[in-house]
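Q: Chain residues, written in single-letter form:
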Amino acid sequence: MMDVTVFLQIAWSSIAGSSFYVLVAVAFALYLKVTTYWNFAQAAQIGIAFYLLYALVRVLAWPAWAALGATFVVVAGFGLALEAWGMRVLRRRNSPHLTYFIFTFMVAQFAGFLLMLLGGTEPRSLVASLFMPGFLVAGVSVTAWDVEAIIVTLVLLGGIALLLSGTAAGERILAVSDNRQLAEFYGISAERTYMLASIVCAVPIVAGVWLFGTRTTFLPTTGLDLLLIATVATILGGVGSVIGAGVAALALGLMRGFSVFVVPSIWENALVYFALVLAVVFLPRGFGGLWTSLLARRRAARMSQAAATARASEAA
Amino acid sequence: MGNAPRITRRTLGGLALGAAALAAPARLARAQQPPLRFGVLLPMTGRAAFFGNDQIAATSWALERINAAGGVAGRRLEMVTIDSQADPQTGINGATRLATVDRVPLFFVSWSAVVNAVAPVANRERVLQISSGATAPGIARLGEYVFTMYPLADVEGIAAATWHVRSMNRRRAGVLYINNESGIDGARVYRDAFQAAGGQVVAYEAYDPRATDFTGVLLRLRTANPDILWIQGDVPEIPALVSQARRLGLNQTVATTSIGQNNRVLEQLGPAAEGLLVTSLAPGPQDRPAVGAYIEEWRRRESRQPNGLPFTQYFYDAAFVAASLFGWTLQRNLPPSGENMRRALVEHGPFDLPLTGELRIDVAEGRHTVRKPVYVLQVRDGAFRPHATIGV
Numbered sequence: 034m035m036d037v038t039v040f041l042q043i044a045w046s047s048i049a050g051s052s053f054y055v056l057v058a059v060a061f062a063l064y065l066k067v068t069t070y071w072n073f074a075q076a077a078q079i080g081i082a083f084y085l086l087y088a089l090v091r092v093l094a095w096p097a098w099a100a101l102g103a104t105f106v107v108v109a110g111f112g113l114a115l116e117a118w119g120m121r122v123l124r125r126r127n128s129p130h131l132t133y134f135i136f137t138f139m140v141a142q143f144a145g146f147l148l149m150l151l152g153g154t155e156p157r158s159l160v161a162s163l164f165m166p167g168f169l170v171a172g173v174s175v176t177a178w179d180v181e182a183i184i185v186t187l188v189l190l191g192g193i194a195l196l197l198s199g200t201a202a203g204e205r206i207l208a209v210s211d212n213r214q215l216a217e218f219y220g221i222s223a224e225r226t227y228m229l230a231s232i233v234c235a236v237p238i239v240a241g242v243w244l245f246g247t248r249t250t251f252l253p254t255t256g257l258d259l260l261l262i263a264t265v266a267t268i269l270g271g272v273g274s275v276i277g278a279g280v281a282a283l284a285l286g287l288m289r290g291f292s293v294f295v296v297p298s299i300w301e302n303a304l305v306y307f308a309l310v311l312a313v314v315f316l317p318r319g320f321g322g323l324w325t326s327l328l329a330r331r332r333a334a335r336m337s338q339a340a341a342t343a344r345a346s347e348a349a
Numbered sequence: 046m047g048n049a050p051r052i053t054r055r056t057l058g059g060l061a062l063g064a065a066a067l068a069a070p071a072r073l074a075r076a077q078q079p080p081l082r083f084g085v086l087l088p089m090t091g092r093a094a095f096f097g098n099d100q101i102a103a104t105s106w107a108l109e110r111i112n113a114a115g116g117v118a119g120r121r122l123e124m125v126t127i128d129s130q131a132d133p134q135t136g137i138n139g140a141t142r143l144a145t146v147d148r149v150p151l152f153f154v155s156w157s158a159v160v161n162a163v164a165p166v167a168n169r170e171r172v173l174q175i176s177s178g179a180t181a182p183g184i185a186r187l188g189e190y191v192f193t194m195y196p197l198a199d200v201e202g203i204a205a206a207t208w209h210v211r212s213m214n215r216r217r218a219g220v221l222y223i224n225n226e227s228g229i230d231g232a233r234v235y236r237d238a239f240q241a242a243g244g245q246v247v248a249y250e251a252y253d254p255r256a257t258d259f260t261g262v263l264l265r266l267r268t269a270n271p272d273i274l275w276i277q278g279d280v281p282e283i284p285a286l287v288s289q290a291r292r293l294g295l296n297q298t299v300a301t302t303s304i305g306q307n308n309r310v311l312e313q314l315g316p317a318a319e320g321l322l323v324t325s326l327a328p329g330p331q332d333r334p335a336v337g338a339y340i341e342e343w344r345r346r347e348s349r350q351p352n353g354l355p356f357t358q359y360f361y362d363a364a365f366v367a368a369s370l371f372g373w374t375l376q377r378n379l380p381p382s383g384e385n386m387r388r389a390l391v392e393h394g395p396f397d398l399p400l401t402g403e404l405r406i407d408v409a410e411g412r413h414t415v416r417k418p419v420y421v422l423q424v425r426d427g428a429f430r431p432h433a434t435i436g437v
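First to last, the sequence lines map onto chains A and B. If you read the first sequence in the working numbering, its first letter stands for residue 34, the second for the next number, and so on. If you read the second sequence in the working numbering, its first letter stands for residue 46, the second for the next number, and so on.
Keep in mind that the hints were calculated from the coordinates and are not lab data. One thing to keep in mind: the hints can contain errors.
Covered stretches of chain B, as calculated for chain A (at least 3 residues, CB under 8 angstroms) [to be verified]: (1) 304-314; (2) 404-417.
Stretch by stretch, here's where chain A covers chain B in the computed footprint (C-beta under 8 angstroms, at least three residues) [stated by the list, open to error]: (3) 264-274; (4) 358-364.
The following residues of chain A were derived to be distant from chain B, with all beta-carbon distances above 12 angstroms [stated by the list, open to error]: (5) Ala94; (6) Trp95; (7) Phe136; (8) Glu204; (9) Ser337.
Cβ atoms here follow ideal geometry from the backbone N, Cα and C, with glycine treated the same way.
Chain A extracted, bound-state conformation:
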């Protein structure tokens, strides 16, 4: 049954449908890269972002741009508050990594229950109707949401890449993530850099929540569900690789989309986690690590070839 149109439809829908996973995975991996902590409190930021957007857009009828701006300020503010009164305190106490994990997980759970009390437990969406009429492109059904999701994701990923590689702030983030002590030796404040990273992470989180909420329904527990995928993507992409996490989230989306043609749909989840088990066993540094080691091997091969050529020419 897999003809070209079906193949293209699944590929297109999976790519568009992975957009919010990609954005959340990038936020999760970026924070991890800079601070080396698994920040599950981002699930709280996801929940806050959704319910605030819901209140502003659906209840108060704010325009989308204003609601997104206000939500970014609140979510970034929450991230800064968490840094100042949570993570910094743990760092001062030299707490082990497990403490950060437990602390952020508890914050996420607490926020989830709080949002449940404040926002109710019904599934909600950011649009009045989830029905999106599509138009056909070469037999593939495309919706305006698909196009918006792909463009927003590409623009934000490009923006984050530009920030990291082409600005002084990005250099500070990379310096601290590479070697905190050395960066501080050169006068870069690690604490301020962590704050900056929290603000940057709020951008893909808010955008990801907007895309999620305009496509499907959100529950107070959805934040942790999204972060579970982000965690898997971060491991698959290679811990420390922001782009790797984004690519892995996209790959997971494609794998889920196409898996129904390989295994019965009831096995779809098992397949995803089996892939994760394989990755952890055989690719402990993820696809990012595999890519890095491939590049290193290629470089080493080139160098040894150059050395052999030099020895041969010397001998000649």
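Given chain A, work out where chain B should sit, using these hints.
A: Using the frame of chain A, we list chain B on its own:
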């Protein structure tokens, strides 16, 4: 007759006052007796809480009504609510607490996975467990203390599948089910019944409860070209499933269980909801006027309709079942223990309940079920409208 003492109004008033004075201590004594308590184990937090909280609200309103009318033989009837999170392990902890700490002789519970998980606790502690919303067919065989007042999936699934084949003349069904206990069991019942009625199940696909994109399974269904699509799913995913199906060109009739009878589904689907068929295991306002008043009460108190109207009707009536069972034991001067509540249920006979009508629980060992008519509703002009009633 001429010598008979004349009973004047004054005499009558005096007699009435005297009787009231004599009865007052007895009433006072009953009122001072501890309340009669039963348990309710439902999700108050988590993914299913929007259903669970509305079911608890329905039970509490029924209790208000019962207690306003004098309670059970003058004693207040109260419920102890415990959050199950629709999670089996949390449910076991909750049931254990109800049985051993709160010491209730009876509790109502829903969600198939939880009903299954807590059944050993009920049987071991000899506490009567009544399922009021779960549908897994295996609930009929969970032990001597476990009963259901809600029809199991075999009632709904068999009635719907048979009706789709025989009355709607559908011959090729595509079945899409949520990958959990309720979905797997319910879909199997529908598939078997559809085939037994002479139809063919051309696609049988599961989906992950956390999925947001269903393109793959929907395209498999589209390729199989069914003439009806049966969704054995849950409320959060149904709008996304149906809207994505329509976008991908699946324009067949879509039918789903009573789970789909939810105004959120209508709101979130918008025009794509038109024509959607849902089954319901409880009568609507057109079948029973009290249901209309009940829906009006929701509008008055909460400014909305309940989530999962039929399920809340059963939980409303659960309080009346509890009242009847406690009343039965008190009438016979039996202590309201779990054993006696079970005995009451077995010997009680049919219940006449305000919102769901007559309830006859089959108490024969190994088939603790109930039979109810199945109502079919269709979305027309943005609302669920009565479409057909399938008899027992």
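Q: Next step is simple, just say for each hint if it's right about the structure.
A: The hints, checked one at a time:
no.: 1; hint: 304-314; in the structure: holds (count 4)
no.: 2; hint: 404-417; in the structure: violated (count 0)
no.: 3; hint: 264-274; in the structure: holds (count 3)
no.: 4; hint: 358-364; in the structure: violated (count 0)
no.: 5; hint: Ala94; in the structure: 16 angstroms, holds
no.: 6; hint: Trp95; in the structure: 20 angstroms, holds
no.: 7; hint: Phe136; in the structure: 21 angstroms, holds
no.: 8; hint: Glu204; in the structure: 36 angstroms, holds
no.: 9; hint: Ser337; in the structure: 46 angstroms, holds
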